[in-house]
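Let the hints inform the model, and build the full structure from the sequences given.
What follows is the residue order along each chain.
2 protein chains.
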Amino acid sequence: MINIAVLGYGTVGSGVVEVIETNKGMVDKKATHELNVKYILDLRDFPEDPYGDRVVHDVNIILNDDTVGIVCETMGGVGAAYQFTRQALERGKSVCTSNKELVAKHGPELLKIAGEHNCNYLFEASVGGGIPIIRPLNYSLTAERIDAITGILNGTTNYILSKMEREGADFDEVLKEAQEKGYAERNPEADVEGHDACRKIAILSSLMLGKNVDSEKIFTEGITKITAADFLYAKEAGYTIKLLARAKRQGDSETLAMVAPFLIPKDHPLAMVNDVFNAVFVTGNMLGDSMYYGRGAGKLPTASAVVSDVIDCARHQGKVITCFWDEEEARLSDVGETKRAFFLRVKSSAGQKVQEAFPGGRVIEAGKGGEIGYITGPVKEREFQAKYEALGGEAFNRIRLF
Amino acid sequence: MINIAVLGYGTVGSGVVEVIETNKGMVDKKATHELNVKYILDLRDFPEDPYGDRVVHDVNIILNDDTVGIVCETMGGVGAAYQFTRQALERGKSVCTSNKELVAKHGPELLKIAGEHNCNYLFEASVGGGIPIIRPLNYSLTAERIDAITGILNGTTNYILSKMEREGADFDEVLKEAQEKGYAERNPEADVEGHDACRKIAILSSLMLGKNVDSEKIFTEGITKITAADFLYAKEAGYTIKLLARAKRQGDSETLAMVAPFLIPKDHPLAMVNDVFNAVFVTGNMLGDSMYYGRGAGKLPTASAVVSDVIDCARHQGKVITCFWDEEEARLSDVGETKRAFFLRVKSSAGQKVQEAFPGGRVIEAGKGGEIGYITGPVKEREFQAKYEALGGEAFNRIRLF
Numbered sequence: 008m009i010n011i012a013v014l015g016y017g018t019v020g021s022g023v024v025e026v027i028e029t030n031k032g033m034v035d036k037k038a039t040h041e042l043n044v045k046y047i048l049d050l051r052d053f054p055e056d057p058y059g060d061r062v063v064h065d066v067n068i069i070l071n072d073d074t075v076g077i078v079c080e081t082m083g084g085v086g087a088a089y090q091f092t093r094q095a096l097e098r099g100k101s102v103c104t105s106n107k108e109l110v111a112k113h114g115p116e117l118l119k120i121a122g123e124h125n126c127n128y129l130f131e132a133s134v135g136g137g138i139p140i141i142r143p144l145n146y147s148l149t150a151e152r153i154d155a156i157t158g159i160l161n162g163t164t165n166y167i168l169s170k171m172e173r174e175g176a177d178f179d180e181v182l183k184e185a186q187e188k189g190y191a192e193r194n195p196e197a198d199v200e201g202h203d204a205c206r207k208i209a210i211l212s213s214l215m216l217g218k219n220v221d222s223e224k225i226f227t228e229g230i231t232k233i234t235a236a237d238f239l240y241a242k243e244a245g246y247t248i249k250l251l252a253r254a255k256r257q258g259d260s261e262t263l264a265m266v267a268p269f270l271i272p273k274d275h276p277l278a279m280v281n282d283v284f285n286a287v288f289v290t291g292n293m294l295g296d297s298m299y300y301g302r303g304a305g306k307l308p309t310a311s312a313v314v315s316d317v318i319d320c321a322r323h324q325g326k327v328i329t330c331f332w333d334e335e336e337a338r339l340s341d342v343g344e345t346k347r348a349f350f351l352r353v354k355s356s357a358g359q360k361v362q363e364a365f366p367g368g369r370v371i372e373a374g375k376g377g378e379i380g381y382i383t384g385p386v387k388e389r390e391f392q393a394k395y396e397a398l399g400g401e402a403f404n405r406i407r408l409f
Numbered sequence: 008m009i010n011i012a013v014l015g016y017g018t019v020g021s022g023v024v025e026v027i028e029t030n031k032g033m034v035d036k037k038a039t040h041e042l043n044v045k046y047i048l049d050l051r052d053f054p055e056d057p058y059g060d061r062v063v064h065d066v067n068i069i070l071n072d073d074t075v076g077i078v079c080e081t082m083g084g085v086g087a088a089y090q091f092t093r094q095a096l097e098r099g100k101s102v103c104t105s106n107k108e109l110v111a112k113h114g115p116e117l118l119k120i121a122g123e124h125n126c127n128y129l130f131e132a133s134v135g136g137g138i139p140i141i142r143p144l145n146y147s148l149t150a151e152r153i154d155a156i157t158g159i160l161n162g163t164t165n166y167i168l169s170k171m172e173r174e175g176a177d178f179d180e181v182l183k184e185a186q187e188k189g190y191a192e193r194n195p196e197a198d199v200e201g202h203d204a205c206r207k208i209a210i211l212s213s214l215m216l217g218k219n220v221d222s223e224k225i226f227t228e229g230i231t232k233i234t235a236a237d238f239l240y241a242k243e244a245g246y247t248i249k250l251l252a253r254a255k256r257q258g259d260s261e262t263l264a265m266v267a268p269f270l271i272p273k274d275h276p277l278a279m280v281n282d283v284f285n286a287v288f289v290t291g292n293m294l295g296d297s298m299y300y301g302r303g304a305g306k307l308p309t310a311s312a313v314v315s316d317v318i319d320c321a322r323h324q325g326k327v328i329t330c331f332w333d334e335e336e337a338r339l340s341d342v343g344e345t346k347r348a349f350f351l352r353v354k355s356s357a358g359q360k361v362q363e364a365f366p367g368g369r370v371i372e373a374g375k376g377g378e379i380g381y382i383t384g385p386v387k388e389r390e391f392q393a394k395y396e397a398l399g400g401e402a403f404n405r406i407r408l409f
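Those sequence lines, one after another, are chains E and Z.
The numbering of the first sequence is our numbering, which starts it at 8 and goes up by one.
The numbering of the second sequence is our numbering, which starts it at 8 and goes up by one.
Take these hints with a grain of salt, some might be off.
What the hints assert, rightly or not - Below 25 Å or equal to it, Euclidean Cα-Cα: the simulated PhoX-like pairs (lysine-lysine) are:
1. Z/36 - E/218
2. Z/255 - E/119
3. Z/255 - E/31
4. E/36 - Z/255
Claimed, not checked - Under 8 Å between C-beta atoms, here's a sample of chain Z residues computed to sit facing chain E:
5. 34
6. 143
7. 231
8. 296
9. 310
10. 311
11. 325
12. 327
Note that these hints are calculated values from the structure, not bench results.
Where is the CB? At the ideal position from N, CA and C, for every residue including glycine.
Structure follows, in structure tokens:
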């Protein structure tokens, strides 16, 4: 039997207990050990909960109990969660987490501590909720040089964009509805400004490179400026609009990492990823393209991923599972220097000017009076941006092409 | 350093050597050992090949060399491949294979022998080519009760169906073209009659259940009867046609397993899997739906999967990797007793008869003179089949709905 402690009895933490309970026979068989939830750490009490008697308020009870082998950190944040994770690992207790913020910020350090204490720090649930992606990167695509990872990594923004496309609605309107339905937080900034996706691509790109990608250095742009009109033109031109988190090797020593809304062709596999679903599109030098698709969030999918990590720890007790993620900083490319095509939406009066500024592109008509759309040929971001800003009030929006 | 032997220097076998060579630094790092291709077994000689000096013609050289730790079986077939695999495992050499026929036929027996000799029998490349699916099922979705697996598992048939849809062409015509391009074999039966997909779903469903699913007991129907006209109606009704390999738990003790062409809604993630791409759609009781997509065949994708197995063996030397696939036979449901909707295409003169036989369905018009399409409500296969056969020459075709 292996004793487990769950830190934080919120949505994911209670989901972890539910998954272990619901699938007990199967989970124990796969773990090759019986798993027993011995403690639940929370500031609150849960007198009505069948697991209420396991609740403790002092983390030291867990840290000092040598019979606890695996800790699930489902608290979130980088304060107490960081302290408790360190302390658990230093005592040789493996830690499984859904806390992407902590993994993005302290991943390599915590992995190192785990290695030094012969235990594991696993974080399958930190990216893509229930989609297995961390383990495929670490265990399956091992014969590949992974050249690029492109993900739809945030369910809230994908839900909003899908609904905007389907209903021709504007951002504010759909966000409000999403908040009412509980698909978006009351303070939606982390999602709609791309910060959540940014942390996730920092984790994935670090695993792709084996070096550390600092999430704070990743160029990040959210979806708040996307309008119903943009979708009209995108559709007309055979595209949809998705918030993509990208990491792409550039030559031998640099990596382009960014989060931004992109126009993506309607027949690209990522274009069909709608609503709260997430997907990760991986390009390897031998395998070519592959994609991993599923529910990127939600209590049980996320908890299922945490429990899969618990099972992995149980199978590998006393053995460190290989994970290449050094503390060495990866070199990120200057986004301003990358070349790509852009979509612009401008006043009709600026049509001529745009075609002269970006020759060789194509005009998109979407039946909206007084304005036109235009898709440029490949142009350096910095150059594009300067010319775009020169259009001043005549330009309504611009979106990158994938 | 770990010495490797490759059995069979054909497409996949030479791909294995190419992957190990091209990605050498990365592969060795991930394997935590240097990998050295010491022998290549083939009946032919390859004097021009840079690895020509490793070629041997007698398997005993490999079997009797105690320095060989891992064998890649890329020969195919169930004769010599079976013998050599057994002999290697009995000597404690791990075997990694792309041979779905052998895995489907002798998987649990070979896994047992491997376990008894403290080595591994791995077969990631046997299903879905380069798509990681075996390892996600065994390592990642471990907290799930997997309720259903639906795959597009054969690249040749998917290429043919995609082309028929896109070009409005008929089966024979597209098959001929595919043969000329090398996408279909000169003897295409294993692909177009569904036998290849059948072996693959036998493997996946065995892993889903932990019991053995006998591929010879799986209901299998190919795509040779699908016509351009069927696609017209499918499109009109919002569907496409795919050859799906399905395994689905029915209650606690039975599993429905089958391979057949299905009408699948255009907005289903599997509907966008086109050309030679494959995908596996997995439904778990906690995670809900997830999908794994990529190149289902081809030299380098398949070889990459074999090498990922080699790396796994290298990481786990002397340790048996958990795989639940017992020799106990799984109980398969009677396909005739399952209920589903059907699409039929009949002479206009039989329209009234069809609507009376299957009340509550809907007529599909596709602008073809002299015939109509009809989609029934849910009906037992056996009952449907009897009524369909009674239509005799008035019926042109029938296809199941997913």
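For each hint, the structure was consulted:
Annotation: proposed proximity of residue 36 of chain Z to residue 218 of chain E holds, straight-line Cα distance about 14 Å (limit 25 Å). For the given pair, residue 255 of chain Z sits about 42 Å from residue 119 of chain E by alpha-carbon distance, which is inconsistent with the 25 Å threshold. For the suggested pair residue 255 of chain Z and residue 31 of chain E, the alpha carbons sit about 21 Å apart, so the restraint of at most 25 Å is met. Distance hint between residue 36 of chain E and residue 255 of chain Z is fulfilled; the C-alpha atoms sit about 21 Å from each other, no more than 25 Å.
A least Cβ separation of about 6 Å between residue 34 of chain Z and chain E falls short of the 8 Å threshold, and the interface hint therefore holds. Annotation: residue 143 of chain Z was flagged as interfacial toward chain E, and the flag holds, the nearest CB pair being 5 Å apart, inside 8 Å. Here the hint on residue 231 of chain Z is broken, as its CB sits about 27 Å from the closest CB of chain E, past 8 Å. Hint status for residue 296 of chain Z relative to chain E: holds, with the closest Cβ pair at about 6 Å, below 8 Å.
About 7 Å separates the beta-carbon of residue 310 of chain Z from the nearest beta-carbon of chain E, less than 8 Å, and the hint is met. At its closest, the beta carbon of residue 311 of chain Z sits 4 Å from a beta carbon of chain E; the interface hint therefore holds under the 8 Å criterion. Among the interface hints, the one on residue 325 of chain Z is violated; its C-beta lies about 12 Å from the nearest C-beta in chain E, farther than the 8 Å criterion. Taking 8 Å as the C-beta contact cut-off toward chain E, the hint placing residue 327 of chain Z at the interface is violated, the least distance being around 11 Å.
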